[in-house]
Every structure is written in structure tokens, then in C-alpha cells.
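Colleague: Sequence:
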Amino acid sequence: MGSVGGVRLQDHHHLKYTVSLTRVGQQVYSSVFSWGYINSHVSIKEALYSLPKYNSVKFRKDFNGAQREKINQGDPAATYDISLTYKLLQLLCGLKDASDQAWVTQGDTLEYFLYSIKTLRNEVAHDTLHISSQELSKKLETLKDLFVKTIKKAGEVLSVAPAKVETLARSITTQLDAIRDSPVPLSTVDEYNKEVLASRKLRLVEEGGYELTQMYENLCGVSVAPWLVSGQRASVEDLFAAPTLRREQTQIRQRQLLPQESNVNFADILQATECDGTEPHVTLVSALSGMGKSTLLKSILSKVKTNGNVVVNVDIFDLVLCLECRHSTFASVEDMAALLLPRTAAAFHSAEFQKTLFALDFLLVLDDVDELDQTSFSVFLDFMRKVSPASRFLATVTQEKAISVKQRILSIHKNVLLLEIEGIPDDQVHEMLQRTLSCVSPNIQPGGHISQLHELIRSKRPFLQEHLKSPEILSLIALCWTLAPERINASVTVTEVVMLVEDLLIHKVVHKLMGSSAAAPCSQRGVSSKLQTYLLTLSGMALQCLMKGTYILEADDLNKLTEKCMHLDLPENYMMSAFLNYTTDSDCGLSCMPSVVPFPRTLTLLYYAAWYAVQRLRVAPPSTRIRQFLKLQPPLPNESQMNSLRVMMKYLVGMLVVLAPGELRSRAREIADLLKELGVTTTSQWLEYVEEAKEEPKLTEEIMNHVGDAWEVEDYAISSTLANLIRCRKPRRLVLTTLHSPDSYRHLQDVLKSCAFTDTTLSLHLYQHFWSEKNDVSDRFLETIASANSQCKLEHFAGRLTGPALQTLPSSLQRLALHITPCSLDALNDVLPTLSSLQMLYLNLDVPTSTPPSTIPSLNLHGRSVVLSVDLWRITDDTVLWSCDVASALSKHYPRLVLRRSELNREGCSRWVEGLRATGVTADTIVLGSIRVLTPQDREYIQTLAVEIGCKDLKVMKV
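Sequence positions in the sequence shown follow UniProt numbering and run 1 to 959.
Rather than coming from a laboratory, the hints here were simulated on the basis of the structure. Hints may be right or wrong, so weigh each one.
[Said to hold, decoys possible] Taking lysine-lysine pairs in the DSS-like style, the calculated list, with each CA pair at most 27 Å apart, reads: (1) Lys631 - Lys564; (2) Lys564 - Lys508; (3) Lys164 - Lys87; (4) Lys164 - Lys194; (5) Lys958 - Lys774; (6) Lys753 - Lys793; (7) Lys70 - Lys87; (8) Lys96 - Lys144; (9) Lys149 - Lys139; (10) Lys386 - Lys355; (11) Lys58 - Lys138; (12) Lys45 - Lys118; (13) Lys144 - Lys201; (14) Lys58 - Lys406; (15) Lys414 - Lys401; (16) Lys548 - Lys512; (17) Lys96 - Lys153; (18) Lys87 - Lys144; (19) Lys138 - Lys153; (20) Lys201 - Lys305; (21) Lys118 - Lys138; (22) Lys144 - Lys305; (23) Lys70 - Lys96; (24) Lys730 - Lys774; (25) Lys201 - Lys45; (26) Lys149 - Lys61; (27) Lys305 - Lys96.
[As the list claims (entries may be wrong)] Beta-carbon label-pair distances, calculated as ranges: (28) Val312 - His706: 45 to 53 Å; (29) Gln749 - Arg729: 18 to 26 Å; (30) Gly74 - Lys96: 37 to 45 Å.
What you are looking at is a predicted structure, and each value in this text was computed from that prediction instead of being measured. Think of the CB as a built atom: it goes at the ideal place given N, C-alpha and C, for glycine as much as any other residue.
With the hints as constraints, model all of the structure from the sequences given.
Modeller: Structure (C-alpha cells):
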């Protein structure tokens with residue numbers, strides 16, 4: 001047989017050997033299993049679960065997804081491959097326990113013979129073996145001898161009739177001889193390649209799964225609240241409280257999603273689809289820093305390790321891989337693949353490992369994917385292009401980078417679902433605190449103590465705002481409340497909470513270093529002084545890391561810390577453990593450390609960097625500038641570093657107001673100018689620094705000079721600080737925007753009351769009321785600013801008003817956006833003539849399909865140049881003509897007419913446009929939002945029809 005078409009004779013020999021081992025060897029395995037299976041009257045799954053202490057956790061641990069599927073479906077054991085049958089032989093055939101050395105110790109035992117066959121199968125999964133004719137004969141004789149010995153030993157151990165054993169032995173021998181002597185046509189080469197790939201896949205799943213189990217052990221520990229607790233780390237399951245996962249706010253508002261449509265349960269994160277039902281290739285989870293993104297991923301990995309049934313659909317993947325992106329760089333897809341399973345990859349040829357990995361259906365969990373550098377992220381996109389269609393990605397990303405990361409992934413035609421972590425929901429705070437405190441102090445009473453702490457946190461929510469939804473900040477407050485309740489009661493800024501934690505840590509370390517015996521005050525001062533020197537070195541390194549855009553201490557840094565500890569006579573291992581949450585073998589010291597050690601969390605790095613700058617400023621000459629410490633030189637750092645620098649500056653401002661208020665006052669202009677240079681632009685961003693500085697007058701003045709007299713404030717920045725500033729500074733124009741329920745903003749009414757006593761021009765956008773609210777109304781907020789005593793001028797308003805409240809709308813309104821029902825249209829018509837300044841009216845029309853169009857009054861806009869925009873919702877084929885009659889009753893001309901979440905295809909949309917024409921309606925712009933797919937050709941066809949009703953611009957919106 002010669003080499004034909006690029007396939008060599010040695011390849012055919014290897015094919016024969018592969019078929020002999022995998023097919024005939026599988027027949028040997030299945031025969032032995034059929035002889036030894038002692039529960040043949042029940043299914044294999046039932047037999048497994050009848051074993052002592054066997055449960056779903058062990059089932060998931062013992063078998064991969066494909067194997068579990070075969071067992072669950074009740075496939076015949078004769079169809080199982082060698083890997084699956086081997087596991088069942090160990091469990092169900094009365095042989096020695098799988099952990100017994102008899103399986104791997106050479107000897108005349110059935111266990112060792114079975115293990116030897118499996119080992120040969122694993123070897124086939126290596127790179128292609130080229131076998132000569134002589135080698136093939138030797139290998140097949142070895143197989144024949146092993147198979148026959150296995151069959152005979154099985155007959156002996158399992159008490160099988162000798163005739164039955166001999167018959168099988170002859171059959172096996174005949175099959176092996178036939179394979180050896182048969183010609184191998186080229187048509188079977190594909191089959192050969194499939195056999196090799198299938199074998200490699202099984203081996204990769206098996207060995208990779210073992211390596212991943214060890215990875216999970218290291219990844220699934222978390223810091224407890226965060227640094228002070230004995231033992232310092234706990235299992236993520238001890239602390240994890242499922243956060244609120246919500247779809248993008250834009251989608252929620254504009255699609256009027258119900259709460260059950262808006263929120264995604266933690267357990268359903270892998271089965272959640274886009275709003276139109278499209279399955280995502282990538283699920284991005286975004287959040288503010290400290291909201292628990294990493295903890296959420298660790299919890300998923302922990303559940304994969306212990307009980308995969310908790311997270312829906314995780315069982316469908318062959319492997320669940322993970323990558324911490326913050327410390328990862330790679331220049332090629334090959335490098336990235338090897339980084340995911342380094343030990344397993346080393347056992348394969350690089351190209352074959354990559355090919356085999358991409359043939360699997362895996363889930364890749366990536367933490368901080370936005371921290372990848374430009375090259376690594378481009379490689380990641382290439383990696384996504386190469387994976388199997390069923391593989392999925394679950395990644396965390398900072399809130400600031402979420403949209404840009406999503407757009408880059410969409411650019412390679414991968415569907416992306418973006419979810420936002422809103423932090424710990426109110427009804428979960430109690431449980432989360434209880435778990436945290438039980439780790440801090442086992443003596444904490446679960447009743448009264450937890451309730452007291454919960455009330456303390458609720459009382460602070462107006463000050464700390466969104467930070468109090470953060471599990472990180474919640475755990476800090478819980479810890480401080482346990483160890484220093486008086487000080488935490490007086491803390492009102494995030495910086496103060498973190499400073500208190502650091503003080504408690506230093507106090508603990510001092511006492512640890514002093515020992516249990518009473519020490520003289522001078523000795524304590526000496527130890528404290530040494531600690532301050534050590535921390536100054538560590539925090540200087542933190543600032544250097546921040547400016548380099550890294551989060552790790554490298555080998556040179558670790559050596560310097562070691563030298564500093566030796567110089568100060570401090571135990572270096574304990575210092576690393578206390579301040580970096582890094583523990584090594586106490587007998588080895590730092591010599592056993594890896595080349596790098598990460599800071600335990602971003603908060604730690606940024607806090608230490610700010611502390612270093614503050615300590616230097618307190619002793620520096622007045623001419624020294626903060627940017628000198630930061631070594632800021634053009635060009636400025638990238639956006640990720642800029643964001644970290646902005647957060648660090650918030651801590652710096654918070655520390656200065658506590659530790660050096662004089663420095664804060666004297667450097668107020670410098671700080672404000674630096675913040676502007678670092679990209680602080682919006683009023684909401686500026687107000688964070690005003691609040692962190694406790695409204696220190698000089699810094700507030702400098703900041704407000706940058707803000708100017710036109711303020712745009714949204715969400716978390718609607719605070720008591722804003723109310724105070726309005727009373728003092730009276731902005732010329734103020735825009736207030738709330739994305740959630742207005743009741744979530746405890747100071748919204750205070751802010752509006754402050755506006756009412758100024759001549760400020762106000763825009764109030766209550767978007768949840770405008771888009772999706774079905775019960776609550778905005779009347780009370782309008783009443784505050786539209787009362788007889790109010791001096792402010794309401795220019796824009798968006799919300800949901802009752803008929804009586806509509807009558808109080810002021811004539812100053814230029815833009816009015818209302819979520820309105822038919823019963824309020826008469827009241828709106830009554831007030832429209834008084835709104836002499838009105839330029840735009842935007843109606844989110846909430847009309848039940850049972851409403852007769854004849855009962856809907858025409859809008860009282862005749863002869864006025866008001867831009868009218870109306871949204872109609874959830875129109876179906878059955879309600880097309882009804883919706884046309886509704887639109888015709890309301891107005892005969894629309895500058896903008898929108899269908900949202902309709903169920904209309906091309907024919908339905910065409911009928912709708914024809915219906916508008918038949919009822920005499922014209923529209924300048926039409927927006928078609930449909931859950932059905934409308935192609936570019938469909939759009940062109942509908943545009944042709946829409947021209948007849950005056951439409952100059954037709955948009956299609958996929959929902």
C-alpha cells in the first residue's frame with residue numbers, strides 16, 4: 001500500500017491500531033461490564049444513586065456533561081466509550097474501590113488489566129503516531145494478549161461460564177487479525193481523524209477537568225470583610241448573597257419591560273436571552289467597583305465544583321474554564337488557549353491542544369475582561385471566532401467600559417447580553433450581614449445585633465448612596481460596627497469607613513507584634529512608628545502600580561518590602577499576610593512567594609495610593625504639586641487608568657478633610673484643576689468630590705466654578721449635598737434625571753423644595769414613571785415645584801400624572817413627556833391651551849385594546865407648531881386596524897409615530913401603514929419596533945408604502 005493523496009502508510013497503520021484499541025477494546029470493556037453489573041434489573045443511574053452516600057454532587061463530579069447525558073437518557077452500555085465504561089466498572093461491578101492502588105499497581109489483577117487498556121486509549125490521544133508495519137504487528141499482539149488476559153481474568157473474578165469466555169476471546173482475536181490484514185481505503189481517513197479527535201477530546205475533558213478542580217479550590221476563597229478576621233479567607237459560599245441582575249436600563253425603559261422581564265435570577269444567568277429571544281454568545285456582567293462582580297463569578301465556579309444543578313444550563317458544557325484578565329497577557333490564540341489549562345496543554349502538542357479545545361463545547365468565565373491590554377483583547381476576539389458554536393463566554397466588566405466592550409464584541413458578529421449588577425437588594429442585606437458577621441464573630445446574635453446593624457446602614461444610605469448596595473462596603477461597615485461601633489456611627493463618607501478599617505487593622509497588627517503581655521506606651525509607639533514607615537513604602541509602591549496601570553507587586557517590590565521589614569525588625573511574612581492578604585508557609589518566608597503578588601482588591605490599591613500622596617503632602621513644601629507625586633506627563637494615561645485615578649482622588653479628598661483640612665483648603669484650586677484634567681466633566685461626578693469633602697467651602701467653590709451655572713444631575717448624585725448647594729448657589733439651569741423609582745432617591749423632594757425657592761430653570765425627568773410605571777404617579781413631585789409659592793421655572797418634564805395634576809402644569813413648559821391613559825386625555829386637552837411655550841409633546845400612550853377608538857379625544861393642538869411624538873405599544877396582527885383608528889382619533893398628523901414591541905412582520909407593518917393612509921393619518925418619521933425580524937428588503941418595501949403618508953424617514957428597531 002503506497003502513500004496516496006498525502007496520506008502515508010504509517011498513518012494507515014496508526015488508524016488500524018486506533019480502531020483496534022477503541023472499538024475492540026470498547027467491546028472488551030462492555031462485555032466485562034455486562035458480566036459484572038450486579039443491578040441489571042435497574043437503570044445505570046438508579047444503580048449509581050443506590051450506592052452509599054451517592055448523590056447529584058458526586059454524579060456531577062464523576063461524569064462530564066456528555067457522559068451524564070448518555071446515562072440520563074438510558075443509552076445501552078454497549079454504546080458507551082472506554083472512558084465512561086471504565087468509571088462504571090469501578091463503581092458498579094463489585095471491583096475494588098476506585099481509590100485502591102490495585103488499579104494502578106502492576107499485577108495479575110482484573111483492575112490493573114482494565115487500567116492498562118484505558119492507559120493505552122489515553123496514549124492514542126497524543127499527537128499522531130506514525131507506525132511501521134513491524135511496530136503495528138507488535139502493538140496488535142500486545143493488545144491481543146492484554147485483551148485476552150482481561151477477558152479470562154474477568155471470567156475468573158466474575159464467575160462467567162468458561163465457554164462464554166472462550167467464545168469472546170476467539171472473537172476478539174479474530175477481529176484483531178482481520179483489522180491487521182485488511183486494506184485501508186482512503187475513504188476511511190476521515191473516520192480515522194474523527195476517532196483520533198474524539199479520543200483527544202475525552203482525554204482533554206478528563207485531564208482538564210482535574211486541573212480545573214484544583215484551580216477552583218484556589219479561586220473560590222474570598223477575603224472576609226476584608227482583612228481583619230482570623231484565618232482571613234472563607235469560602236465564597238459562606239459569604240455570597242445573590243445580587244440583583246438587571247438588563248440595560250435603556251432596554252427596560254424603552255421596551256416597557258415588566259420587573260420579571262427586567263431582572264435575571266442569578267441561577268438563570270446562563271439561560272438568559274436577549275429581549276428578542278436571541279441566545280447570546282457572550283454575557284457581560286457590569287457594575288460599579290465593589291459591587292461583587294468577581295464574587296459572583298467565584299460563586300458560579302464554586303457551584304460548578306460542588307453542585308452544578310444550582311446554575312441552570314452549566315451541565316451542557318464539556319468544561320467550565322476561567323481566566324482572571326487583570327493579570328493576564330497573551331500575544332496569540334495559542335498563548336491564550338495554553339493559559340487556560342497550562343498543565344493539560346503541556347501534555348499535548350500545541351496545535352493539537354488548540355484544535356481539540358475548540359472542538360469542545362465549553363464555558364469560559366472571564367473576570368475583568370476590560371483589563372486586557374489592546375493586544376490581548378484583539379487576541380481574545382480572534383479566540384471567540386474559533387470556538388465551537390455552542391461555546392459561551394461569561395465576563396465581568398466595569399460599568400464605565402461596558403458599552404465599549406459590548407460594541408467591540410458585536411463588531412465580530414457575536415451576540416452580547418449586557419446585565420448590570422445593582423448590588424445587594426434590600427431584602428437580602430439582612431442575610432448578607434448575618435453571614436459576614438458570623439465569620440467575623442461567632443458570638444454575634446443573629447436577631448437583635450443584625451437588626452441594629454441593618455438600621456444603621458439604612459440610616460446612612462442617604463449619605464453613602466449607591467455604595468451601600470456594595471457588598472464590599474457593607475462588609476466593611478459590618479466589621480467596623482463589630483469592632484468600633486462609636487466611630488462607625490459618626491462616619492458619613494466612603495473614605496471615612498475605609499480609614500476606620502485601616503485604623504482597626506493597624507491596631508490589630510500592633511497588638512499582634514507586641515504579644516499578649518502588657519507593653520509600655522513607648523514600646524507601642526515604637527511599633528506604630530515602624531508600621532507607619534512600612535506602610536509608607538507599601539503605599540508608595542501602590543501609587544507606582546496605579547500609574548503603571550497594574551495591580552501587582554513585582555519581584556523587585558517584594559524584595560524591597562523584605563529589606564524594609566528586616567531593617568525595621570518586622571516579620572515580613574506576617575506583614576504580607578496582614579496588609580496584602582497573602583499567606584505563605586511560615587517556615588519558608590517570602591522566598592517561597594511567586595514572582596508577583598496582587599493587591600487583594602482595587603480598593604486596597606487606590607486607598608494606599610491616596611494615603612501615600614496625603615502623607616507626602618503633609619510634609620512637602622507648599623510649592624509641591626500633587627501631579628508631581630503622580631508623575632503625570634503628556635500624554636495622559638488610558639481611560640481605565642484615568643478612572644482609577646479619579647477614584648483615588650476621591651479617597652485623597654476624603655482623607656485630607658479628616659487629616660489635613662488646611663492642606664485641602666490651600667490646594668482646593670489645584671485639586672479641582674487636576675480633577676478636570678483627569679476627565680471629571682459631569683455635574684454628578686463633581687458632586688462626588690464635594691460630598692466626600694463634606695462640602696468643604698473652598699473646594700466646593702473651586703469645583704462649582706468648573707461646573708458653572710448649568711447643572712445636569714442624575715441618580716446617585718441627587719443627595720442632601722445637592723439640596724444644600726442649590727440653596728447656596730442657585731443654578732441658572734438644573735436638569736434632574738432619575739432612572740429608577742423616584743422613591744429610591746430619598747433626597748429628591750428636598751432637592752425639589754430647594755429649587756422651589758430659587759428662580760432656577762428646571763428640567764425633571766422621572767423616566768421610570770414615563771416609560772413603564774403602571775401604578776405610581778408623579779403628582780407629588782410636580783406639586784412641590786408647581787405650587788403657588790414656587791419661584792422656579794419648569795421647562796421640561798417627563799413622568800406620569802393624574803388628571804388633576806395635569807391642570808397644575810405651568811405655562812413655562814417647553815417639552816412635556818407623559819405616560820398617559822385615555823382617561824387623562826381630556827384633562828391634558830384642557831391644559832394644552834395654557835402651555836403657551838410648549839414646543840414638544842411626547843406621549844407614551846397606554847391604551848387597553850378594549851378601548852373603542854371613538855372614545856379617544858383629538859389632541860387640542862390645532863394650528864400650533866408643537867412637535868408631537870406618540871408611542872403605541874404591543875400592536876399585533878389582530879389590533880393593527882384598531883391602532884390605526886386610535887392614531888387617527890388622536891391626531892391626523894404626527895412629526896413622529898412609533899410602534900414599540902409590536903408583533904408585526906413585513907405584512908403586518910404594511911397593513912398598518914395602509915391603515916394609517918386609509919384613515920387620513922400622515923407622519924414625517926415612523927419608527928417600527930418589532931419582535932419579528934424585518935430585513936433591509938422589508939424596510940425598503942415598507943418605506944415605499946410610507947411615502948404615501950408623507951413619511952420622509954422610516955427606522956426599524958429590533959426589540
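Colleague: Confirm or reject each hint.
Modeller: How the hints compare with the structure:
Distance hint between Lys631 and Lys564 is fulfilled; the C-alpha atoms sit about 24 Å from each other, no more than 27 Å. With a C-alpha separation of about 20 Å, the suggested pair Lys564 and Lys508 falls inside the 27 Å cut-off, and the hint holds. About 24 Å separates the Cα atoms of Lys164 and Lys87, which keeps this hinted pair within 27 Å; it holds. At most 27 Å may separate the alpha-carbon atoms for a hinted pair to count; Lys164 and Lys194 exceed this at roughly 33 Å.
The suggested pairing of Lys958 with Lys774 holds, with an alpha-carbon distance near 24 Å, which does not exceed 27 Å. Proposed proximity of Lys753 and Lys793 is supported: the alpha carbons are some 13 Å apart, at most 27 Å. In summary, the hint linking Lys70 to Lys87 is supported, as the alpha carbons are separated by about 13 Å, within the 27 Å threshold. Between the alpha carbons of Lys96 and Lys144 the distance comes to roughly 25 Å, so the proposed pair stays at or under 27 Å and holds.
Proposed proximity of Lys149 and Lys139 is supported: the alpha carbons are some 15 Å apart, at most 27 Å. Between Lys386 and Lys355 the alpha-carbon distance is near 9 Å, which keeps this suggested pair within the 27 Å criterion. Restraint check for Lys58 and Lys138: the C-alpha separation of about 40 Å exceeds 27 Å, so the hint is violated. With a C-alpha separation of about 22 Å, the suggested pair Lys45 and Lys118 falls inside the 27 Å cut-off, and the hint holds.
Straight-line distance between C-alpha atoms of Lys144 and Lys201 comes to about 26 Å, which keeps the hinted pair within the 27 Å bound. Using a Cα cut-off of 27 Å, the hinted pair Lys58 and Lys406 is violated, with the two alpha carbons roughly 37 Å apart. A threshold of 27 Å between alpha carbons decides the hint, and for Lys414 with Lys401 the separation of about 18 Å falls inside it, so the pair holds. For a cut-off of 27 Å, the pair hint linking Lys548 to Lys512 is broken: about 34 Å separates their Cα positions.
Pair hint Lys96 plus Lys153 holds up; C-alpha atoms about 14 Å apart against a cutoff of 27 Å. Straight-line distance between C-alpha atoms of Lys87 and Lys144 comes to about 23 Å, which keeps the hinted pair within the 27 Å bound. About 22 Å separates the Cα atoms of Lys138 and Lys153, which keeps this hinted pair within 27 Å; it holds. Of the supplied pair hints, the one linking Lys201 and Lys305 holds, its CA atoms being roughly 20 Å apart against a limit of 27 Å.
Taken as a hint, the Lys118 and Lys138 pair is honoured in the structure, with Cα atoms around 19 Å apart against an allowance of 27 Å. A C-alpha spacing of about 39 Å is found between Lys144 and Lys305, which places the hinted pair above 27 Å, so the restraint is violated. A distance of roughly 25 Å separates the Cα atoms of Lys70 and Lys96; the hinted pair therefore holds under the 27 Å criterion. Between the alpha carbons of Lys730 and Lys774 the distance comes to roughly 34 Å, so the proposed pair goes past 27 Å and is violated.
Pair hint Lys201 plus Lys45 holds up; C-alpha atoms about 24 Å apart against a cutoff of 27 Å. Of the pairs offered as hints, the one joining Lys149 and Lys61 is violated, with about 31 Å between alpha carbons and a cut-off of 27 Å exceeded. Note on Lys305 and Lys96: the hinted pairing holds, with a Cα-Cα distance of about 26 Å set against a maximum of 27 Å. The hinted range of 45 to 53 Å is satisfied by Val312 and His706, whose Cβ atoms lie roughly 49 Å apart.
At about 19 Å, the CB distance of Gln749 to Arg729 agrees with the hint of 18 to 26 Å. Here the CB-CB span from Gly74 to Lys96 is close to 27 Å, at odds with the stated 37 to 45 Å.
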